[in-house]
Each structure stands twice: as C-alpha cells, then as structure tokens.
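Q: Chain residues, written in single-letter form:
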Amino acid sequence: MAILSAIPIVRHTWAPPEDISTHGHLIDEQLADTMVEAGVAFVAAQIILGIFIWTASSARPDAKIRNFPGGAKGLVAAAVLLVGTEVLALGVFGQKAWASIYFTPPGANALPLQVQAGQFAFYFRYPGPDGKFGPIHPELVNEGNQNYFGLDQTHDQDSKDDIVAAEMAIPVNREVHLLMHGKDVGHSFYVRELRVQQDFVPGLDLSLHFTATKVGRYEIVCTQLCGLGHYNMKAYLSVLSPEDYDAWLKKEQAMQ
Amino acid sequence: MHDTAVHATHHGPPTSFIRKHIFSVDHKVIGKQYYALGLFSVLVGMVLSWIMRLHLVWPNFAIPGLGLLSPAGAPGGVVTPEYYLQLMTMHGTLMVFFVLTNVPFAGFGNYFLPIQIGADDMAFPRFNMMSFWVTFVGACFLFAAFFVGDGPPLAGWTAYAPLSTLGKITGPGEDVGQTLWAISIGIFCIGQLLGSLNFIATTLDLRTKGMTFMRMPLCTWAWFITSCIGLLAFAVLLPACILMILDRVAGTSFFIPGGLVVNDQLQPHSGGSPLLWQHLFWFFGHPEVYIAILPAAGIVSHILVNSYRRPLLSHKVVIYSMMAIGFLSYMVWGHHMFVSGMNPVSALAFSFPTLVITIPATILTLIWVGSLYGSKLRINSASLFALGFVSMFVAGGVSGFFLAQPSIDIYLHATYFVVGHFHMVMGVAAIFGMFAGTYFWFPKMTGRMMNETLGKAHFWFTFVGAYCIFMPFHYLGLAGNVRRYSTFVDDFMGPLMPVHKFISIAALCTGAVQLIFLYNLLHSRFWGKPASANPWEGTSLEWSTSSPPPWDNFGGKHPVVYHDPYQYGIESSTGDYVMQDSPEQIQTVRDDKKLTP
Amino acid sequence: MATTTHEPPRVERIGGSSGSGWRNLVPPATRNLRSVQDRSGEPAKTGVWVGLAAITMSFAAFTSAMVVRQGTAPDWRHLALPHILYLNTAILLASSVTLELSRRHIATYMGGLRLSAQYPARWLYITLFLGVLFVAGQYAAWLQLRSQGWYVATNPSSSFFYVFTWIHAMHVLGGLGGLVAVISKLRRGVLRRSTLDATSHYWHFMDALWLYLLFLLITKF
Ligand code: HEA
Ligand code: HEA
Ligand code: CUA
Ligand SMILES: [Cu+2]
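Residue numbers (the numbering used here), protein chains in the order written: chain A, 1 to 256; chain B, 1001 to 1597; chain C, 2001 to 2221.
Misleading hints may appear alongside valid ones.
[Stated by the list, open to error] Only pairs whose alpha carbons sit at most 25 Å apart, straight line, appear in this in silico BS3-like list of lysine-lysine:
no., chain 1, residue 1, chain 2, residue 2
1, A, K234, B, K1168
2, A, K64, B, K1316
3, A, K250, A, K132
4, C, K2185, C, K2045
5, A, K251, A, K132
6, B, K1316, A, K73
7, B, K1032, B, K1557
8, B, K1501, A, K234
[To be verified] Short derived list, chain B residues pointing at chain A, Cβ under 8 Å:
no., residue
9, L1328
10, N1451
11, V1482
Derived from the structure by calculation, the hints contain no laboratory data.
C-beta atoms are modelled at their ideal positions from N, C-alpha and C, and glycine is treated no differently.
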C-alpha cells in the first residue's frame, strides 16, 4: 500500500502549479527536501514493518525470541540522532525561507495596494496618483451603491482618486505591498502560483509583500471558512507587463 | 463523595434495572455507556461523511429521505452548499469530541483502568456516573442542533470567531445552532474534567498491593497521561466556550472587533480579538489531538506486546516518550496559526517544538517495530488492527512533519493535505486503536468471542479502503485543492474531480465494509462462542478475573501483584507467560537486558 | 514519583474481605464516630488537589484572555468597584477561620480526647452562613453595578468583572454544597477525615482565588 501510494508522488502526478514569485523557490525547495527525507522515512518504515511482520508471523514455534540488534538504547539513539539532525537541518533551512519572506520589510518603491475581503468577494483598491489611501468608514459601506470600502469621497481628500476594482492587476517583476483589510469575518488570501497565503483577521491590519515574475492570469481563492459562499469566493490576479498595467489602471480610473 | 461505593460494597450489586444499566455507578457499565455513545456518534459521523462525499462529486444528486430530515438544508434531498458546511462541522465535532475522546479514553479507560490496577471501582464512582451523564447531555445539545430553525452550525469544528460569534446575520446555522454547539462543547468539557480527575485519583490512590507505577500496563499509563493532558486542556476550552456563549447571547465583545460590516450593517461590537479565540481553541485543540491518539497508542502497545509474545524492547522508554509527547503538546498550538496573522517570530517558536515532537513519536514507532523483530507474532484481528495503527500513524505523522514547517505550511495550510494528515492520524490511526481494543477486549467485556474470520476480512477491507480514501487527499493538497469547499466548480480545481470521485467511491465502499464490523459486534454479543477468562493468554490483571468480570471486578478478592506487566517469552507453569498476580517465582524479564541469550 | 521496587501495599487491608482498604470504612452500627478508622482517605485528598489544578488552569485562561483583550483595543474603561466587595472579602476570610475552628473541634471530637466536647457542627453552620452571606454580597455588588448602568456588555471591563465574579461565585456555591454534605455526614456519624479535609482545602482555595481576583480587579480594572 505504502509503495503504491508513493508512486504518484514520485511521478509528480499532482504537483503544485508552477511558481511565479521571487520567494517561491525557497518554499518549493524546502518542500522537495522534506518530500525526499520524509518519503524515505515513510517508505522505509512501512517496508521494514512489512518484512518484520512477515518473518515474525512465520517464526517456528520453538524458535528463540531474539532482540533487535542494539536493543532499545540503540533505537532511541538512532531516533534522536536521525530525526534530530533532520529536524535541525530542515528546521534551520525552513527558518531561512520563512525569515526571508516575513522578516524583510517591503522595498521603498513597492506598489501599495489594498485588498478587502468580505462575504463573499474580494475588492481591491489602488491609491491613485496621490499615492494615498483615504480612510475607511465602516458605517458608509454599502454594496448597493458600490461603496465597498466605505469611502467618503466628498469629504476625504485622499479618497477622491482611489481606484476600486473587483480584479487585481499588478505589474510583473515589481514588488507589491498588499495591505489586507477584513470587513466582516475571517477570510484568507491564497494564490497558489505565488506561494502566498495569509488570513484576513478582522480588526487587525496585516500586510504582505511579494514580486510576481510571470505574466498571466491566476486565481485568488479564499481559504478561511467564511460562511455559505466560502466555496465561491474568489477573484483573479492579472500579472501584466508594465505597459498593460498602466493601460489597465487608466481604464479603471475612467470607470470610477 | 464516595460513600456510594461503601454502600455498594456492602449491600451487594444493584438489582433494579435503572441502577444496574442506566444510572449505574459501576465503572464497567459507565465504560460501556461511553462506548455506546461513541459508537452511535461514529455511525452518525460516518453517514454525514457519505453525504458530504456524495455532494462533493455529484452536487445535484438527490439523497432519498434527506429532504424530509432537513427541508431547509437539503430541499428535495439535494444538499445546498451551506448544508454541506453544516454537515462538515457536525462530522468534525462528533468525530473529535464524541468519538475519539469518548471511546479510546473515557470508554476503554473507564472499563479497564480500575481492573488493570486491581481496584474494584473508580475513586469517585458517583462522579464517574455524573461525568458520563454530563457528556450525554452535551451530546444531546449537539444533536439537537440538527433540528433547530436553520440547522447546525457551519463554522467548522474549530468555530473561528467572528463567524461563530456574530450570530444569524453571518449565515444559516449561526443562529441557534452555533449556540447549541458552544453549550454542548462547554458541557462536554465539564464531563471530561470530572472524568480526568477521577482517572488521576484512581491511578494514584487505588493501585492494589504490589502495583507500583512501573508495573502498570502501558494502556493504564496512556490513560493516566491523557487524563493529565485532558485536565489542563479542557480547563481552557471551557472558559473559551463560556466567553463565546456570552458573545453570542449577551452582546459582549470578547472575540468580535469593532467596525465589522455584515450585509451592509455595521455590527454593534468593538474591540474584541478573533485571534484570542484561536489561541484559546488551539491551546486546547492541539493537546486534544494527543488525547485522541495517546490512549490508542497505549491500547495498541498493550495488544502488540501480547501478540509479540515478548516484552517490548523497553517499557520505560515507551512511558517516557508518551510523557514527552504530552508535555510538548502544550508548546506547539501555534502551528495551526502560521498564516493566521500571528507574529512571524512566534511561528518559528512554535515550529521548533512541533518538529521536536516527532522525536518521541519516532521512538515509539521504532520500539513498536523493533520489538517485532525476532518475536513470535500471533496474527489475529486485534493484532492486525494494532499493526495497521502503526502503519497509519507513520503515514499521518510524516505528513505532520511537512505542516510543522511554517514555510511549507504557507502553501499547504487549509488544503486537503491537512485533511489527509489528520484523517490519517485520527481518522484511521486512532480509529484503528478503537477497533483493536474492541477485538481484544470484547471477550472480556461480554464473555463472548468475536468472529475472527469476519474480523480479519474487516481489517483488510478497511486498511486498503482507508489508504484509498486518505492518501489521495494528500495529492489533492499538493496540487492546491482548498478544504471546506462544497463544490469545485472552477477551472483550477475542476480537473482534480477524478481524484475526488475515486475518494468518494472508496469512502462509500469502506463505509459499507463497516457493516461487517457491526454485524460481528452484535452477532457475537449474543451468539458468539463463550470466552474463557484469558483467551489471549495475557498477563495483566484484567485477564485474571472472569469474563465478564463480576460487579466488584475480582469477586470479593483483591489481587496482589508480583511481577512486571508483560512477562512473556519465558518458561512457566502456564505456558510462555506469567500473569501479574501469579505468585510463581521467575526471573523478571525487564526491557531488553534479560532477554539477550 | 515512580516507585520501582517491591513496594508494600499503599493501603492496608482491614477485615480482609476486599483489598483497597478505604472501601471497608463503613460506619459502625452504633454510629459512634470515634470508632470509624480512617486509613485511606487519599482519593478525596488527591481528587481535590487535582480539581484545584483544573480550576487554577481555567482562571489562568480567563486571566490571559483579559490581558489579551486589554491589549487589543483601547476601549477599556475604568470600573469603580462596588465597596461591598471589601465587606464580602472580610466575610469570606472569616468563613475560612470558622471552618478551621470547626475542623479543630471535629478533630478533638473524633480523636476522643475530650469526651465532653460539644457537638462540633456549630462552627460549620456558621461557616455555611458566612458563605451564603458572601454569595448574597456578591449579588448585591452586581445589583449595584447594574444600577449604575454597567451591564455585561457595557464595556470589556464590566464583561470581565461579571465573568470573574460569576464563575467564582459558582465555585463558592459548589463549596457550600460540599459543606452541606459534610454537615449531613457529621450528623449521620459517617464523616470521614478526608472528606472534611478535602472540603476545607477547597474552601480555603476559594478564599485565595478570591484574593487573587480582587487583586486583579483593583489593579487592572
Ligand atoms: C490524532 C490526531 C493528530 C496527531 C497525532 C497529529 C500529529 C501531528 N501533527 Fe497534526 N493535526 C491534527 C491531528 C493530529 N496531528 C488535526 C485534527 C489537524 C487539523 C485541524 C484543523 O485545522 O481542522 C492537524 C493539523 C496539523 C498542523 C496544522 C496544519 C495547518 O492547518 O496548516 C500541523 C502543523 O504543524 C500538524 C503537525 C503535526 C505533527 C508534527 C504531528 C506529530 O505528532 C506526528 C509525529 C509522528 C511521526 C513523525 C510518525 C512516526 C515517525 C517516523 C516513522 C520516523 C520518521 C519520520 C520523520 C523524521 C518525518 N498537524
Ligand atoms: C475521528 C475522526 C474522523 C473520522 C473517522 C473521519 C472519517 C471520514 N471523514 Fe472526516 N473529518 C474529521 C474527522 C474524521 N473524519 C474532521 C475533524 C474534519 C474537519 C472538519 C472541519 O473542517 O471543521 C473532517 C472533514 C472531512 C472532510 C473535509 C471536508 C472539507 O474540508 O470540505 C472530508 C471530505 O471528504 C471527510 C471525509 C471523511 C470520510 C470519507 C470518512 C470516513 O467515512 C471513512 C470511513 C470510516 C471508517 C474507516 C471508520 C468507521 C468506524 C466505525 C464504523 C466504528 C468504530 C467504532 C468503534 C470501534 C466503537 N472528513
Ligand atoms: Cu471568504 Cu472563505
Ligand atoms: Cu496541532
């Protein structure tokens, strides 16, 4: 069974989709390393178990009971040494990957962009030419007149040029600083190809930063259970060439 | 507190039906009651999982009769997306709380812990009865959620706030259903706290003459350690449930922040912290998964030794590993929250102990496997399930190793990889522990043998079936399939549908195979071959009394213990083993030292 | 903790019919308290300590919830504690003293040192009365707060105030139940030392817990 179930993994039948981010290779390498080490441990453990069951159950009734060479001490030592080094090795490398994603601040010219998650849609906001986001007034939120963020464009200067879109477009090879805002319950922002996943926690303003390296259209899905429409809560991410991005932004601005 | 026992001892066994079978203070009856409640819950949970699997792959399939049961959730028998989530929540809650805590821990523990230490009952029999009935009331609250207004809760078994606290406005089931859920779990906690207290006091104080700590069988140890974990874990979940109930019914804002807008309505709350719920929940939740697995591990060790016909390579190392797992389980809860918006530094702090936990787990595994080498394995249903447990535990534990690394978890969190992981460890490993325990102790509990042929057939089908169901979950997860989705309509996950179909078919078949088990259970209960006192040639105290044991366990006598628990593989008057209470002089076989030729 | 060698049994047999000694402790027909030998009593004692550990854990959880909640948002308003709380504190402390007194009396009574010793339940009744008074006093404090417009949901400070005091009062009620049981057992002549000890440990713990809560209320609210 174990070997059978390992085959698809070895053959990469179902593998993560191709990575399109600058940090993704760290995660992929980590995943591949773990796959090899854990895979070996898994298959070896199952095979040994199988062999031992085979030999032990067919032992002759007068056979003497034997001990595993090395006994308990040997096994404990082996466990501590083998798994210990594995834990340390993977732990340290994994921490590097994690640190390079989370402990570096976004670059100075990263593109600021806000995403809001609410039951059951994402909305995106671009700060417009002034580079500033206007404040959010929860009491003004109204889906009917399409004020998804609760902006007060008559009074707040910064809100006037904010661009709100239902789709996320970003320029390729430019760092994006994504500010996350949860409107009602918990949601999550997951783009498989970007190797990015982060929950929206209402009341807590979190942020993410990443760089996409490949033009294309990708799915953004909500991965935090948020109610009946959870399965249908998604949006699209378009990674565009800089020119296309500018054109897109102009078009959106015109539509505001 | 314990005068009941005093009276019981002196007035003889209870005679009225109610005292004997329903409000009984006899730990054996209570153990069976827990078992029955767990069996009922697992069957309901299994049926729910069928409906879920059917809906996932044939969303428009009308399930006959379901429409009558829940006109709102499944009009005409076709499951709605929200009803899917409600079923999923109930499936997870039932399985984790009412199956995996009730059967291997509270059920078998109640029945066998006092017998294995040579006591005639628990330390506080009346508390014991209370703890079952409290749990039962908790179960009633949970089942009631199926029948209220807009159905059971849909916030998942983890009930993340604020979805679970804002009330009706956030979706069906979030009305009365979620409140019932919180009450049910709160009550459940009280029951388990009473139970754990009882287990601890019993183990510490009621051991019979000669029963030192190191002479306790491994499952007694596992129950003892588990009750220590449970005592602290449930003591945290209970306050969390109380705060949740207050948020829901009294309008407080413990877990609800300000400025939330649902359906264009600004919510009247302010300042609460959703992460607080997550921390409280997982502070309980992670230890809970070990509450589920340790008793199973203990039962399995107990059975493995018996079928290996030799002591494990080391008794002590197994005990210490279980203690280490129990201890570490309190330092790792944050690994469920790597992408929850917790401080990224603490992710590293939680990841490390999580990785370290694999060391005692590996030691346990190696001892189980290593002791098998050169033993005289006896194959029967119980030992097959015990060996199956080892296989499943390895499979599920290894995937835990992926999730424990925060950088990998960024990709794998909330995908079917996680679903595969926990079904491997708790869905089958722990369930296999229950099966093994059932096959092993059934003769003791009922005085009749189960049918071995049926048992073995049940094992092979379930073993193959479980791999077929739960391994593909991992592939789906690697491919990025998100969990808790009621349909996979889009272009990304659509192509994975064949895998889902395969899983669903495997799940239906494996579920159907459980009928063999049920038939075997019921048939053997009434018409099975009568069992002798010690059918498996075991050494621990439960085998030195009759099957089933008399109402005071040892028929007015009290055993005196002379030996370590697993004296197998030696020459003695009874065969290749010596019972713990046999006064025969032997050279103790302890650990691996004395065995070496 | 582990004892490894051939250990003598922890509980001696009495009478010989059944093993775990403590179960043989039946009251003698004469109802003479002094002739009840209390050899074990351990489960009650262990049980109460284990129970207290669980209660401690619960209150630790509540406390950390409070600390987190206070740190999350700046909406915490100062709550003026009702003065009656201090009176309640005094009452509860006094009840511990009376409980200790009654324990002394019962000890002398049971030990048979002074045969003329008066029937020792009186101090227990006083303790019971003081306990009830404490709960009533807490109730008065809640009423007082309500009359000032502080409801459960008014502010996190009042939410936590009510939660802490409610849960503590529930536990005190449990202790009162224990006292009632002790009194009734004493009257029937079946009281065992361990039951009395367990109940009084629990009661004193409620005292200490209350002092801790009061400290929290004074410093944090
Ligand atoms: C019985 C239940 C049980 C058990 C025993 C475990 C055991 C482990 N679990 Fe699991 N876990 C769950 C039940 C369980 N888990 C559940 C229910 C969830 C999801 C909850 C939800 O979100 O709904 C979950 C989720 C979960 C997560 C969060 C994933 C996420 O949401 O993103 C993580 C992350 O660290 C994790 C890790 C581990 C680890 C490291 C172990 C370790 O203890 C495993 C140790 C065992 C072994 C490693 C196997 C034996 C060893 C060898 C054969 C040697 C060689 C192997 C190696 C060196 C790798 N688990
Ligand atoms: C013990 C735990 C347990 C068990 C046994 C199972 C059994 C099964 N589970 Fe479940 N499951 C969970 C715990 C469990 N599950 C949890 C915690 C969740 C998460 C919920 C959430 O997200 O909130 C979940 C979620 C979950 C999902 C994911 C939903 C989603 O994310 O969208 C799916 C999907 O297919 C699923 C399927 C199944 C199937 C097909 C079975 C079974 O049908 C497999 C076949 C059955 C068996 C192999 C054993 C049957 C046992 C007996 C008949 C009797 C034994 C009794 C005694 C010995 C007393 N489960
Ligand atoms: Cu939004 Cu799930
Ligand atoms: Cu965990």
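Q: If a hint holds in the structure, say so; if it doesn't, say that too.
A: Checked hints:
With a C-alpha separation of about 23 Å, the suggested pairing of A/K234 with B/K1168 holds against the 25 Å cut-off. For the given pair, A/K64 sits about 24 Å from B/K1316 by alpha-carbon distance, which is consistent with the 25 Å threshold. Restraint check: the Cα-Cα separation between A/K250 and A/K132 comes to about 17 Å, which is no more than 25 Å; the hinted pair holds. With a C-alpha separation of about 17 Å, the suggested pair C/K2185 and C/K2045 falls inside the 25 Å cut-off, and the hint holds.
Restraint check for A/K251 and A/K132: the C-alpha separation of about 19 Å stays at or below 25 Å, so the hint holds. For the hint linking B/K1316 to A/K73, the alpha-carbon distance of about 11 Å falls within 25 Å, and the restraint holds. Between the alpha carbons of B/K1032 and B/K1557 the distance comes to roughly 23 Å, so the proposed pair stays at or under 25 Å and holds. With a CA separation close to 24 Å, the supplied pair B/K1501 and A/K234 stays within the 25 Å bound.
Because the beta carbon of B/L1328 sits about 12 Å from the nearest beta carbon in chain A, more than 8 Å, this interface hint is broken. Hint on B/N1451 is violated. Least Cβ distance to chain A is approximately 20 Å, over the 8 Å limit. For B/V1482, the interface hint holds, since its Cβ comes within 8 Å of a Cβ in chain A; the closest pair sits about 5 Å apart.
When each numbered hint is compared with the structure, violations occur for hints 9, 10.
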